[in-house]
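Asks: With the hints as constraints, model all of the structure from the sequences given.
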Amino acid sequence: MKPEPGTDLPPYRIEHVDPETMKAWAPLLRDPNPIHLDRAAVRAAGLGDRRINQGPINLAYVVTLLHRAFPGAFIEDIRNRFTDNAYEGEALEARATVTGVEDTDGRTRVTLEFTLNSDERAVVISGTAALILPEGEAT
Amino acid sequence: MALVPLPDVVGTVLDGGGMTISEAENRALCESVGDTPAADGSAHPVWFYVASQVGMGPSVAELCAICAFDVNDGPMMASTGGHFHAPLMVGQTYLVKGEITGLTRKQSRKLGVMDLLEYKLHLDLPDGTRVCSVDNAWVLPRGRDNEA
Chain A
20 MKPEPGTDLP
30 PYRIEHVDPE
40 TMKAWAPLLR
50 DPNPIHLDRA
60 AVRAAGLGDR
70 RINQGPINLA
80 YVVTLLHRAF
90 PGAFIEDIRN
100 RFTDNAYEGE
110 ALEARATVTG
120 VEDTDGRTRV
130 TLEFTLNSDE
140 RAVVISGTAA
150 LILPEGEAT
Chain B
266 MALVPLPDVV
276 GTVLDGGGMT
286 ISEAENRALC
296 ESVGDTPAAD
306 GSAHPVWFYV
316 ASQVGMGPSV
326 AELCAICAFD
336 VNDGPMMAST
346 GGHFHAPLMV
356 GQTYLVKGEI
366 TGLTRKQSRK
376 LGVMDLLEYK
386 LHLDLPDGTR
396 VCSVDNAWVL
406 PRGRDNEA
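Sequence lines, in order, name chains A and B.
Residues 20 to 158 (my numbering) make up the first sequence, in order.
Residues 266 to 413 (my numbering) make up the second sequence, in order.
Simulated from the structure, these hints should not be mistaken for lab results.
Everything numeric in this text was worked out from a predicted model, so none of it was measured.
Pairs of lysine-lysine residues, derived as DSS-like cross-links and limited to a Cα-Cα distance of at most 30 Å, are as follows:
#1 B/385 x A/42
#2 B/375 x B/385
#3 B/371 x B/385
#4 A/42 x B/375
Replies: See the structure below:
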């Protein structure tokens, strides 16, 4: 796609936050935090009744959106705030808007703002990213 | 429950050993989030977080313990950020280096007393070339019964 400031990228929907994904990521992260694996631990922490998605999974959903919009792009920078939890079973949607496009040394650098939104509540994460498009993909 | 004093941990070194992203783990990670492994051997970018967490010296539980916090009390990520000088590559070994940059006690309306842990990590090639720098912040809830 040809990026221009103000362009909304096609959103990426996650219809069902899967606790099996949380279970699969726990060993990748070497993270024993029980709020991702055990509903009783979530209740004990006063955080509700459903297991909580690991934060990096939420960010990875946004990366999927960026990869689909800009195949082959190099993500130079990506950073976000975790403003809410994503819970098992809920639907999410990753959204991003182009904020800038510039030519740098013959390559196109695109900056974006993004969010991951829960259908049930509001913004789960929000952040910014900077991508370098593959050579030949000029503005 | 008595509130533990805020430990003096700023400057604590988090250097770890080597971390290598395997093809199988990268594939599993990509497919779990609806993505496709890159054909050029580059790893999914979110490995900036995963690899630095796995490769830093202390485990998550040990990092929490350094901050006088029990991992079973549910630490939560506040923010993360990765800046890449080059893509992370599958099969490449990275050395993880870093340190704690902040531990600050705050009052949260939702969580009560909480400590904000901030730390910085780097993923370097074995020859010292810096590939990626990572900024992380975690919330360590101290309990709604406490006051700052």
